[in-house]
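The task is to assemble the complex, starting from two chains supplied on their own in separate frames and drawing on the hints.
One-letter residues, chain by chain:
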Amino acid sequence: MRRLSSTQELEKLRDEILKKRDPHQPFITVCGGTGCHASGCHQVVDAFKKVLHERVKSNGVGLRVTGCHGFCERGPLVVIHPQKIMYQRVKPEDAPAIFQETVLKGKGIENLLYEHPTTGEKINTEEDVPFYKKQMRIIFGNNGSIDPTQIEDYIAVGGYRALPKALFTMKPEEIIKEVKKANLRGRGGGGFPAGLKWEQCRSAPSEIRYVICNADEGDPGAYMDRSLLEGNPHSVLEGMIIGAYAIGSREGYVYVRNEYPLAVENIGIAIRQARDLGLLGKNILGSGFEFDVKVSRGGGAFVCGESTALMASIEGNVGEPRAKHIHTVISGLWERPSNLNNVETWANVPVIIDRGADWYSQIGTEGSKGTKIFSLVGKVNNTGLVEVPMGISLREIVYDIGGGIPGGKKFKAIQTGGPSGGCIPESLMDLPVDFDRLTEVGSMMGSGGMIVMDESTCMVDLAKYFMNFLKDESCGKCTSCREGTKRMHELLTDITEGRGTMDHIDLLEELGWVTAEASLCALGGTAPNPVLSTIRYFRDEYKEHIINKRCPAKVCRAFLKYRILSDVCTMCGRCAKACPVEAISGKTRTKKEKGIPFKIDEQKCIKCGMCFESCKFEAVEAQ
Amino acid sequence: MESSEIDAIIKQYRGEESAILAILQDLQAKEKYLPKEALEYLGEKLHIPLNKIYRIATFYRAFSLKPRGRHEICVCMGTACHVRGAQRIADQMNLQLGIRPGETTEDQNFTLETVNCLGVCAAGPVVAIDGQYFGKMSPGKVEGTLKKFRSDKKEGLNAKA
Chain D
1 MRRLSSTQEL EKLRDEILKK RDPHQPFITV CGGTGCHASG CHQVVDAFKK VLHERVKSNG
61 VGLRVTGCHG FCERGPLVVI HPQKIMYQRV KPEDAPAIFQ ETVLKGKGIE NLLYEHPTTG
121 EKINTEEDVP FYKKQMRIIF GNNGSIDPTQ IEDYIAVGGY RALPKALFTM KPEEIIKEVK
181 KANLRGRGGG GFPAGLKWEQ CRSAPSEIRY VICNADEGDP GAYMDRSLLE GNPHSVLEGM
241 IIGAYAIGSR EGYVYVRNEY PLAVENIGIA IRQARDLGLL GKNILGSGFE FDVKVSRGGG
301 AFVCGESTAL MASIEGNVGE PRAKHIHTVI SGLWERPSNL NNVETWANVP VIIDRGADWY
361 SQIGTEGSKG TKIFSLVGKV NNTGLVEVPM GISLREIVYD IGGGIPGGKK FKAIQTGGPS
421 GGCIPESLMD LPVDFDRLTE VGSMMGSGGM IVMDESTCMV DLAKYFMNFL KDESCGKCTS
481 CREGTKRMHE LLTDITEGRG TMDHIDLLEE LGWVTAEASL CALGGTAPNP VLSTIRYFRD
541 EYKEHIINKR CPAKVCRAFL KYRILSDVCT MCGRCAKACP VEAISGKTRT KKEKGIPFKI
601 DEQKCIKCGM CFESCKFEAV EAQ
Chain A
624 MESSEIDAII KQYRGEESAI LAILQDLQAK EKYLPKEALE YLGEKLHIPL NKIYRIATFY
684 RAFSLKPRGR HEICVCMGTA CHVRGAQRIA DQMNLQLGIR PGETTEDQNF TLETVNCLGV
744 CAAGPVVAID GQYFGKMSPG KVEGTLKKFR SDKKEGLNAK A
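Line order of the protein sequences matches chains D and A.
Every letter in the first sequence is one number past the one before it in my numbering, and letter 244, counting from 1, is 244.
Every letter in the second sequence is one number past the one before it in my numbering, and letter 139, counting from 1, is 762.
For the record, the hints were derived by calculation from the structure and aren't laboratory data.
C-beta: ideal position from N, C-alpha, C; glycine also.
It is possible that some hints are incorrect.
[Unchecked claim] Result set (BS3-like, lysine-lysine): computed pairs, CA atoms no more than 25 Å apart in a straight line:
id : chain 1 : residue 1 : chain 2 : residue 2
1  : A       : Lys759    : D       : Lys577
2  : A       : Lys675    : D       : Lys577
3  : D       : Lys84     : D       : Lys122
[Claimed, not checked] So the derived label-pair ranges between C-beta atoms look like this:
id : chain 1 : residue 1 : chain 2 : residue 2 : range
4  : D       : Gln43     : A       : Arg773    : 21 to 27 Å
5  : A       : Lys675    : D       : Arg395    : 50 to 56 Å
6  : A       : Ile671    : D       : Arg322    : 50 to 56 Å
7  : D       : Pro96     : A       : Lys659    : 51 to 57 Å
8  : D       : Arg395    : A       : Ile671    : 36 to 42 Å
9  : D       : Lys591    : A       : Ala652    : 55 to 61 Å
10 : D       : His42     : A       : Ala652    : 19 to 25 Å
Looking at chain A on its own, in the form it has when it is part of the complex (with noise of 0.2 Å):
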């Protein structure tokens, strides 16, 4: 990330310090991750502590330190969900992916996140894919909905023959 990116997200926030966890966030909209670069950067001129800027960017759940993958997928672990059966998702999603929550595949191609609560409860469970909802989701489903995101179109564990 070039310094004069970051020099003009300050500036939308006339250097202020307390402005640090919307610069965080700009940064983190930008890059799907915090650079630690760009976290070096960001303390020295705004002169605030490298440590106070990693407590910050390790206390709140919307900040990731490592690169994402190319696709974020959220699996709605909100109570609404949890009660349709949530959990379930999730293991398949970790059965098909091969990681857990908060990992990145080999490929870099998909991050694995879970999320308290989207909101969208009326089509629990649900599953956020970049953004895009997939909603009343059943373990069955997962590899199909996955399929669509694949880089290699390869397919999913179940194919086996």
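Looking at chain D on its own, in the form it has when it is part of the complex (with noise of 0.2 Å):
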């Protein structure tokens, strides 16, 4: 490919790139994200690849794997173009029938649309599935009909359009007041104004400085800057590109995890391609402005996604977080001003300066404009990846999106913001959510995370999970993060294996503000968030443990026994089959035998549930 070397060079190529391709031409694209790669879409696309390989005729159908649509739960998803009809769940043998009935006469499969779970009715199109009606896919839209190793593809859809405007005709001063007047706070979860941000690097004294894109998403239960990377790298790297422009920077990195392989694959192509025609690199698109950028992976380190941790560990050394007396505007990367930013920030940048922050601005609330991604999972029934306007409710996140709480149990609590974040109950439903109401009510906005919990979560022990997880991923520099956080899951085990007092819950609060005062980062410093906003908003669930010894959740083992109703038991056998440690005797029914009901010897069950599990009738009982 050629390297371009102005904007007209740039633009003709647009050109050349879509009268190639006819807007009426059929094709079809798979999802090729990693959710639907789990449920197997890759077979998929071989038996596509077959059929349209098998058929003269199918010559010009094209056939494009593309990046995370968002609606995990659905996968493996196909999309048929030019009518955009939405397949759901197809298996490799669909594909035929696919290509017949949908490809070359325009008709939709009754079997393979979605079903709208109260009316009945089958639903066409993507954009008329509940799921994506109330969202707003401003930076993520792109991601279901792009290929994120073709270049072109990005290019076709508008993409690289920002960046000669930026370049060629916006000064780096106004291009940080454009940023800064759309008000595009981090969204990597500290919410703060990367207009300010860039400014305040730009300011700093130095020759070098560095732009980084924040990619080491830790957050257990998000993955919504995965999607982003792995299916439209293209837009986070001209956002840097732009920024790199403004803040005056040469260098840039790109920090992501190792664990997601396929995001490290496609940045690393969008970079090559992106150089090759003169994007990335010196003298970009003739206009003088030079700037590369490298890619760093993670070693699996949570505390990485912090600032001055990640660019140890991009220098080579351990990832320790420092104390920011002086900020890494400063001097960050190898001791020269550094401005690092998350892969969704950055991907907002070539949308405000395209459509202007006046544009942008008018979406959301007062304190947080655009949208946010988050990744909606848990105990609802669409799981997946979604993208609302800020202010949006959190119960029309939950419901009008997710489709509410799955096999008709109770919604308890939704927990935003990771590790870090908090659990929100029932009664704070109707929260807008924005980066300031979240942290009013002890969560945050974390990197988007959203968690769906209903009446069989055990606030108690989900408080002791990411206790285990901060322990755990606590570098152990600060010794009230790295003591903190270990006592405070002995704490939470005692509770929950029934050797709790009300003391427990007076010293957890008391070590939570120590722990969040006294710690360097803010790990330790958001560390306490689970277990706080756990106490604050359910403390009965917390005494009924303490006090009754009881988890009404029936989660808590050392709670728990299960029982066979003898009355019910039909006497199959099937749950002293699948007890791994033989706890449970009875005689099983045949044609000539009675059989007697069976039963389970609680000095020797390990309560794994396998028996609750196997038994095909209900009549084993947790209690």
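Here it is as structure tokens:
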């Protein structure tokens, strides 16, 4: 591919690409995100390839493996263009029929369409599915229509349009002004205004400055950044190039988790393609501006998501945070001014430059502008990635987009902000989602994990779970964090195992306060949030564990008892077979013999729940 | 591991000291662990004290100093999997294999690990074995899933008689 040396050449290339693409020509897109990969999209792709290869008439029908569409619950997802008919849970054997009926004749296939959960009506297109309807996909929307490994696809949808605008029509200060006006706040969790950060970095005295993309997405239950980097890496890259120009940087890094192999691969491909086209490297588009990006792979340490730890890791050191008496925008990577933003923040930049801050700032609330991508997971019907305007209520996200709680169970709480966040109870479901409101109620925006919990989730157990995570991931530098998380975990373990007293709660609150106040970085600073927020909103559940030695959600094993109801038992013997410790005795009923109802020996029972799961007649009861 | 193979990796990164993390990752990917001899050789070549290399190798979760089993099992312990009962899956693995997370079976067939999130929350609880995903797991499905990877095809714990 030829190197572009002016805006005109880029626009010419865009025209050429668009001319080659007939918008009426049918093509098939298959979601290739990790969620769909896990449900077997690759076999579906192979099946389509085979069908397209076999049919001579299929000449010209395109097949595109795209990034994540977001609706992971219904994967593998297939969308047929130009009608945009969406098929869900597609199997390889459906490929011939889809080709024959939909691609050739334009007809929908009933049983592959999404069915409205309440009306039962079949829904044809992606945008009419309730999951997508309330979303506003300005950052994530292109994921479903482009092949992330083809720069042409990104250019065809208007990609790299903001870059020449920034380079040739705006001064660096004007770009910063625009980003400030749009009030873009850091999407990695902190919510710090990006424009202000850029300005500070730009004015720091140094010849060399760095821009860094934080793709060390470590929050369990959150995978928005991965899906962006996997599905639309050029949008992140374009944001970084514009940022680098505004800040006055010639070198950038993408620090990405090595556990995300596809993201590592796709951002690498994107960088090479951008270099080949002259969108990275020396004299970008003939502007005289020079910038290049390197990829740095993380080593699986949660704390490296913290800016100073991340920079230490890029330098080839142990990822320990340092005190930020001098901010990283003044002295960061290799003691040079460094500007770090998260994946989603960077992806917002081209949109702001292209469409303008005035347009952008119409979306959202007073203090939080634009959209936010959340990963909506846990006890919710429609698991997936959702992009919503700031200010939408939690209720709308969980019920309208998420489709409510599965199995007719009762909603209990929603957890946002990952291990640094907190749990929000039912009573606050109408809370508008924005940076400040979430912090007010003791949680935080975080990077965008949103875990829905129902009545079968024990809040004490959940707090223990997060504390277990944090005690493992604490780097150990600050005593308050290293020991604080450990002791809080011990106290929570005591409570879940029946040794808790009311003093435990007081001690947890005190320890939480000390840990937050005395630790250097945000990991320790926010570590007590899961504990403090569950105590704040679910104190009764703590008390139930401590005083009545009971776990209302039937999760904590110390309080759990399995029992077989002899009048319901059909004497099939399935439970005894499933029991790994031979704790169940009885006699299987056969045609010849009468059988004896099964029962559990409590002394031997390890409470693994295998009998409960194996019984088809609900004869095993958990108390 | 041949020293020429290590040289080839170092060369990719132009021998830069700051690339130590990337070099260790490539070594780990190749050998599935970091052999002591390789680390010593690396230290000499890059003029990095061995204690610094060990500090890095033990700080990051991605590295192992012990050889790994033929099959690597990752039980996802992400929050979404946790609320759907991931702990029970981990316990059942433990029971079936007789090893705890981080350990390898005596026959070197399995290494059991837990991970903080695999990011395939829609399929939770999830287990990945050698990168292959097994979604919507339950304690009851553990035995059957493991069977596909057992070297001697011997039956699991539950096949008592």
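Going down the list of hints, with the structure as the test:
1. Between the alpha carbons of Lys759 of chain A and Lys577 of chain D the distance comes to roughly 22 Å, so the proposed pair stays at or under 25 Å and holds.
2. Straight-line distance between C-alpha atoms of Lys675 of chain A and Lys577 of chain D comes to about 52 Å, which puts the hinted pair past the 25 Å bound.
3. Between Lys84 of chain D and Lys122 of chain D, the direct Cα distance comes to roughly 14 Å. Compliance with the 25 Å bound is thereby established for this hinted pair.
4. The supplied range of 21 to 27 Å is met by Gln43 of chain D and Arg773 of chain A, whose beta-carbon atoms lie about 25 Å from each other.
5. The hinted range of 50 to 56 Å is satisfied by Lys675 of chain A and Arg395 of chain D, whose Cβ atoms lie roughly 52 Å apart.
6. Taking 50 to 56 Å as the suggested C-beta distance range, the pair Ile671 of chain A and Arg322 of chain D does not conform, at roughly 21 Å.
7. The supplied range of 51 to 57 Å is met by Pro96 of chain D and Lys659 of chain A, whose beta-carbon atoms lie about 55 Å from each other.
8. Take Arg395 of chain D and Ile671 of chain A: their Cβ atoms lie about 54 Å apart, and the range 36 to 42 Å is violated.
9. Checked against the given bound of 55 to 61 Å, the beta carbons of Lys591 of chain D and Ala652 of chain A, roughly 58 Å apart, stay inside it.
10. Between His42 of chain D and Ala652 of chain A the C-beta distance comes to about 21 Å, which sits within the given range of 19 to 25 Å.
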